[in-house]
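Please model the entire structure based on the sequences and the hints provided.
So the protein sequences, as listed, match chains A and B. If you're matching positions, the first sequence starts at 4 in the working numbering and goes up one per residue. If you're matching positions, the second sequence starts at -4 in the working numbering and goes up one per residue.
Quick caveat, the hints were computed from the structure, so don't treat them as lab data. Note that the coordinates shown come from a computational prediction; the quantities given were computed from them, not determined experimentally. We treat Cβ as the ideally placed atom computed from N, Cα and C, and that holds for glycine. Treat the hints loosely; a few may be bogus.
Unchecked claim - Computed from the model, here is a short list of chain A residues facing chain B with C-beta under 7 Å:
| # | residue |
| --- | --- |
| 1 | Pro18 |
| 2 | Ser251 |
| 3 | Arg299 |
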Amino acid sequence: MPMRIRFWGTRGSIPVALTSYDIRDKLARALVEASGRSFASYEDAHAFASTELDFSVTHTFGGHTPCVELDLGGEEYFVCDMGSGARPFGVHVLARQARRPATVNVFMSHVHWDHIMGFPFFGPAYVPGTRIRIHSCHDVCEQAFRLQQAAPCFPVDFAQLAATIEFVKLEPDVAHDISGLTVTPHLQLHSGDSYGFRFQKDGKTVVYSTDSEHKLENRAEAESFAAFFRDADVVIFDAMYALADAISVKADWGHSSNIVGVELCQMARARHLVLFHHEPANDDATLEGLLKEARRFEELTRSGEPLRVSAAWDGLEIEP
Amino acid sequence: MGLAARTFANALVLGVHGRLDQDNCDAFRADLMTHVERSAHQGGVVILDLSGLEYVSSAGLRCFMLASRQAKAQHGRIFVAALQPMVTEIFEISHFNMVFQVFPTVREALAASSLEAAAAFDQA
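Structure representation (structure tokens):
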């Protein structure tokens, strides 16, 4: 089975949810688009919605914080970060396992709250026999996981979890073999440090690079990331802001932009850029706008093979 | 990448040419900041004439941002003018059109600076 990437959480900083106002707005926009048309059946209306309406009218990018699964088709699970998307990911694991204990390999970019907050709600952690190996380059990883479940912040202490949980320290810029998956971490610029991961399996390469600011004046840094992204089939990239924000009012906030994502992927000759870690203040229409702008920038600056550009949303599945 | 400088009353017009990217932005930024510091110090306006600019990358845009910040710190202003279609689009895509005042022509940017600057341009 080919590798499959499943996005369980794609939002940055804090979870968000559609409001009643948002849903009414989507309905109203769909009705305007459908003015003068008639649909003989639900299927006709569904086909219209699926093919003729903008993504931001018929979908939502979603609101869970980072959690991205790499499904290798084997018995073990591989997942990046334990943001609030870890809760639905845990439901998926429990359903697929059908009472058989799971082995879950977690790769932590860093331990800021939005990247660990889903773990107390990760169902498999409460199932005896489950093995959870949490891989990280941070010395404070275990401390952070234990701290968020300590009283008075959470009713179930980390020590009460039924799963066998192991913390594994990884060395940056070293290729590690983890249950047949080659994983290379790389240091990124972010408060308290973050690490991207380059995953390789059966000739496919996926890079997970979130919570990473790129200082544009530093050519060596750009070249270092181009090497880290080199020839990747998919690059999941922190594109939290528009460029003007990222290098002005939000400079030094530890995040990047859609435009820099395109530039680095073009330098690296990567094939597919996936915009990720969406700003919680951005609604679906704004995020769709940022995606369209990134695609247009890619067209304007293309010099070789086209770079495919997507924006991640909760529920998206792609094959590298 | 050299900057061609012309002065019209309180406005300094800097012509930017070619491609501005990571390969040449360090030298460009140093040159630009020198002009901005001198002009803004005198309470003036800097107008970037981008009619000769073919392409600007994120690193180049950052030079404009730093110059704008420097000018504001000295109570000066920076306008951009006469963008080619591709650079116009890059300004829109990167949302720099929300950060900078963009004018279709250098003449219009000068008119927004001062009547004297526009008159000096007309007489030149």
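- Are there hints from earlier that the structure breaks, and if so, what are their numbers? 1
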